[in-house]
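Guided by the hints, dock chain B onto chain A, whose structure is given.
Protein chains in written order, with this note's numbering: chain A, 790 to 1079; chain B, 215 to 591.
These are computed hints drawn from the structure, not numbers from a lab. Some hints here could point you the wrong way.
[Stated by the list, open to error] Listed below are the simulated SDA-like cross-link pairs for lysine to any residue, each with C-alpha atoms no more than 20 Å apart in a straight line:
| hint | chain 1 | residue 1 | chain 2 | residue 2 |
| --- | --- | --- | --- | --- |
| 1 | A | Lys1051 | B | Phe499 |
| 2 | A | Lys1051 | B | Leu549 |
| 3 | B | Lys490 | B | Gly409 |
| 4 | B | Lys490 | B | Leu412 |
| 5 | A | Lys1051 | A | Leu793 |
| 6 | A | Lys1051 | B | Val387 |
| 7 | B | Lys490 | B | Ser414 |
| 8 | A | Lys1051 | B | Gly270 |
| 9 | A | Lys1051 | B | Phe386 |
| 10 | A | Lys1051 | B | Glu390 |
| 11 | A | Lys1051 | B | Arg417 |
| 12 | A | Lys1051 | B | Asn389 |
| 13 | B | Lys490 | B | Leu339 |
| 14 | A | Lys1051 | B | Leu534 |
| 15 | A | Lys1051 | B | Leu339 |
| 16 | A | Lys1051 | B | Trp391 |
| 17 | B | Lys490 | B | Ile383 |
[To be verified] Label pairs and their calculated CB-CB ranges:
| hint | chain 1 | residue 1 | chain 2 | residue 2 | range |
| --- | --- | --- | --- | --- | --- |
| 18 | B | His290 | A | Leu1070 | 17 to 27 Å |
| 19 | A | Arg874 | B | His262 | 49 to 59 Å |
| 20 | B | Arg444 | A | Val965 | 42 to 52 Å |
| 21 | B | Arg582 | A | Ala844 | 53 to 63 Å |
[Said to hold, decoys possible] Only part of the chain A face toward chain B is listed, based on derived beta-carbon distances under 7 Å:
| hint | residue |
| --- | --- |
| 22 | Gln881 |
| 23 | Val894 |
| 24 | Ile913 |
| 25 | Leu1063 |
On a predicted model such as this, the values are computed, not experimentally measured, just so you know. Here a beta-carbon is modelled for each residue, glycine too, at the ideal position from N, C-alpha and C.
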Amino acid sequence: MEFLLEISLVGLAVGGVYGLIGLGYVIVYRATRIVNFAHGNIMMFGAYCYFTGAAVLDLPWWAALPLAVTATALLGTAVERLLLRPLEGRSQTVAVMATFGLAAVLHGLVQLLWSARDVFMPPIFAQQPIVLGAMYIPANTGYGALLALAAVGVFLVLFRVTNLGLAMRATASDQVAASSLGINVPAMFNVTWACAAATAALAGVVVGSITTLNPNMGRIGLSVLAVVILGGLDSLAGAILAGLIVGWLEAVTGFYLGASYKDVVPFLVLLTILMVRPHGLLGAPRVERL
Amino acid sequence: MTGPGATDTSANVPSRSGRAEPRRRGQVDAAPHPAALHSAAAAAGGGHAAAARRAGGAALAVAVLVAVPLFGNSYHLHMACLFGIIVISAMGLNLLTGYAGLISLGHAAFMGVGAYGVAWFSSRLGLPFYLCLPLAGLLAAGAGMVTGLPSLRIKGLYLAIATLAAQFILGFVFNEWESVTGGRGGTNVAPAQVGGLLLSTEREMYYPIAAVAVASLLAARNLFRTRVGRAFMAMRDRDSAAEVLGVDPRRYQLVAFGVSSFFAGIAGGFMAYFYKVVTPGQFSFQLSLFYLTAIVVGGMGTVQGVLLGAIFMTATPSALAAVAGVFGPLAAGLLAPLREVLFGLLIVLFLIFEPGGLAGIIGRTRKRIMLITAAKE
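Excised from the complex, chain A in its bound form:
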């Protein structure tokens, strides 16, 4: 029982990180109706940027982290401007293939630039495990989850209170109306991609400090795809909730059935939810009008 509780807490912590990654998917989907299959690899790119700052250039974490976030946000704007804007008006299938291609480019590029080996990221958090009664939570997982949830909170507040956030939400809910009110819709798409990439960079740093850093880290992004489908592609709250659920499920199955089962759980959840409730737990059901 103690074990189950400890495993559950670790799972929930990992789930918090999934929530942060899921946030990136959801804001892009809400604004542009595109599911970004390269999101996991953008996250990996952010983690490598942090690694370069902190380990190669030997910067302290408070300098390396903003640097990584900025560099990744720039990547996000570049992707929107150079890849997705020329494809606007084409079908969703095309956008899926394009982001899939982008994922391959990033995966290869990271190996060319940084090598395919595992590297250790300089620790960003204190290294003593968190002790709760009789339970131990690894420091990186625990603090990472707290950082992730804090980042989610900050982003949500920014969306609510700033003018830019208001413009972004307006664009997401009705492009034509937003445009007629003087909002520069393409620019909002661009900012949205930058924000998503920035959250991805943060998530990458957290994931990279929990595990090690290697070019296959982007795989987690695909597992999180399952999370956002479960939560509902257009629901921010759904992403957080589903992140916690899937994180917990993974930890528990991984503990009882063996580590290799852990990787397949998100995809089983995914297929089930697609058959039973395609719009997810908190997503809006899609109504099609002709």
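What follows is chain B alone, placed relative to chain A:
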């Protein structure tokens, strides 16, 4: 409707036809274009000649295909077999993505089902080669249709995600179901045998692969003159309109998944006989990327595009390896990531700049040449 850009017409159909219509009306009064006259004459008087030319081309193609093993060395034959396998599998993916407008990010996994199917049918049940392959195809078709099952409720984007899930779930099964798949180390496949003849080398595998590749191209081409094929394209171009006309999209989506995976399963089965070993690593995510690149570069929704894509994808990895070989052993380690970057870039660039793929480029060039020659006459 198989021209360039036909795969993503949902957004721009109205605007395109809206622009095209007045222009067409204006042309009624104008003098007929020389090219139009030329083609009209060809249609009226030269139908017989065209048929004869086509028959001649087919005879030539068959002669070349039959002659390859007589003149090629084992490297040529190795590449020819790979090419044939790529043609079969890419045709399957193109049926799904190019013709039916559905996308699969898990094509490699269905090939894997076929390959493991062959391994199992031949070693456990001792079935002969000519039974194993179709059975493996059917097995893969079953797996494909199960993956397509969510399509009863969802479409488009969600379906793409479902195929991605299938890729990972099947990959997990290949790795973990050790009693059948042999786990991570994979399983060996005995060489194919027909009667007393052992098909163990490239030279002997060549004819069956070539025959099936040709058959699959012909089958695919003819499929689009049937009710099912036309239903696929109607579904792709405007699914709600297709539904109004009596095409049940759910049923035909399942059929498309089944047919596409059947091709993949056959190709995977050939891979098993060709390499004589089946491992989970062969059917990774990267292979799905490979086939997606093949159809996007070749040209979605055309048989010609499959051939061009397969030629391109057979040649590119060896060309890359040759280039890397010049730079010595250091560059060899960079080969896999380089290939990935290249494939990804090709997908992206072709989608943006040339949605019709190589087939689109060739079609346009041919039209231009015809216009020029017609103008000269």
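Quick rundown of the hints versus the structure:
1. Restraint check for A:Lys1051 and B:Phe499: the C-alpha separation of about 18 Å stays at or below 20 Å, so the hint holds.
2. Proximity of A:Lys1051 to B:Leu549 is assessed by CA-CA distance (about 31 Å); at most 20 Å being required, the pair is judged violated.
3. For the proposed pair B:Lys490 and B:Gly409, the alpha carbon gap of about 19 Å is at most 20 Å, so the pair holds.
4. Restraint check for B:Lys490 and B:Leu412: the C-alpha separation of about 13 Å stays at or below 20 Å, so the hint holds.
5. The straight-line distance between the Cα atoms of A:Lys1051 and A:Leu793 is roughly 16 Å, inside the 20 Å bound, and the hint therefore holds.
6. Restraint check for A:Lys1051 and B:Val387: the C-alpha separation of about 13 Å stays at or below 20 Å, so the hint holds.
7. The suggested pairing of B:Lys490 with B:Ser414 holds, with an alpha-carbon distance near 9 Å, which does not exceed 20 Å.
8. As the CA atoms of A:Lys1051 and B:Gly270 are separated by approximately 58 Å, the hinted pair breaks the 20 Å bound.
9. For the hint linking A:Lys1051 to B:Phe386, the alpha-carbon distance of about 10 Å falls within 20 Å, and the restraint holds.
10. The suggested pairing of A:Lys1051 with B:Glu390 holds, with an alpha-carbon distance near 13 Å, which does not exceed 20 Å.
11. The hinted pair formed by A:Lys1051 and B:Arg417 fails the criterion: a straight-line CA distance of about 44 Å is larger than 20 Å.
12. Note on A:Lys1051 and B:Asn389: the hinted pairing holds, with a Cα-Cα distance of about 14 Å set against a maximum of 20 Å.
13. Of the pairs offered as hints, the one joining B:Lys490 and B:Leu339 holds, with about 17 Å between alpha carbons and a cut-off of 20 Å not exceeded.
14. With a C-alpha separation of about 37 Å, the suggested pairing of A:Lys1051 with B:Leu534 is violated against the 20 Å cut-off.
15. Distance restraint check for A:Lys1051 and B:Leu339: the Cα-Cα separation of roughly 33 Å exceeds the 20 Å cut-off, and the hinted pair is therefore not satisfied.
16. Distance hint between A:Lys1051 and B:Trp391 is fulfilled; the C-alpha atoms sit about 16 Å from each other, no more than 20 Å.
17. Between B:Lys490 and B:Ile383, the direct Cα distance comes to roughly 24 Å. Violation of the 20 Å bound is thereby established for this hinted pair.
18. The beta-carbon spacing between B:His290 and A:Leu1070, approximately 56 Å, falls outside the hinted interval of 17 to 27 Å.
19. Separated by about 51 Å at the C-beta atoms, A:Arg874 and B:His262 satisfy the suggested range of 49 to 59 Å.
20. For the pair B:Arg444 and A:Val965, the supplied restraint of 42 to 52 Å is violated, since their beta-carbon distance comes to about 35 Å.
21. Checked against the hint of 53 to 63 Å, the pair B:Arg582 and A:Ala844 passes, with Cβ atoms roughly 55 Å apart.
22. With 7 Å as the threshold, the beta carbon of A:Gln881 comes within range of chain B, its nearest partner Cβ sitting at about 5 Å, so the hint holds.
23. For A:Val894, the interface hint holds, the least distance from its beta-carbon to any beta-carbon of chain B being 4 Å, beneath 7 Å.
24. Below 7 Å, beta-carbon pairs count as interface contacts, and A:Ile913 has none with chain B, the closest being about 27 Å; its hint is therefore violated.
25. Proximity of A:Leu1063 to chain B holds as hinted, the smallest CB-CB distance being about 4 Å (cut-off 7 Å).
Hint compliance for this structure: hints 2, 8, 11, 14, 15, 17, 18, 20, 24 are not met, and every other hint is.
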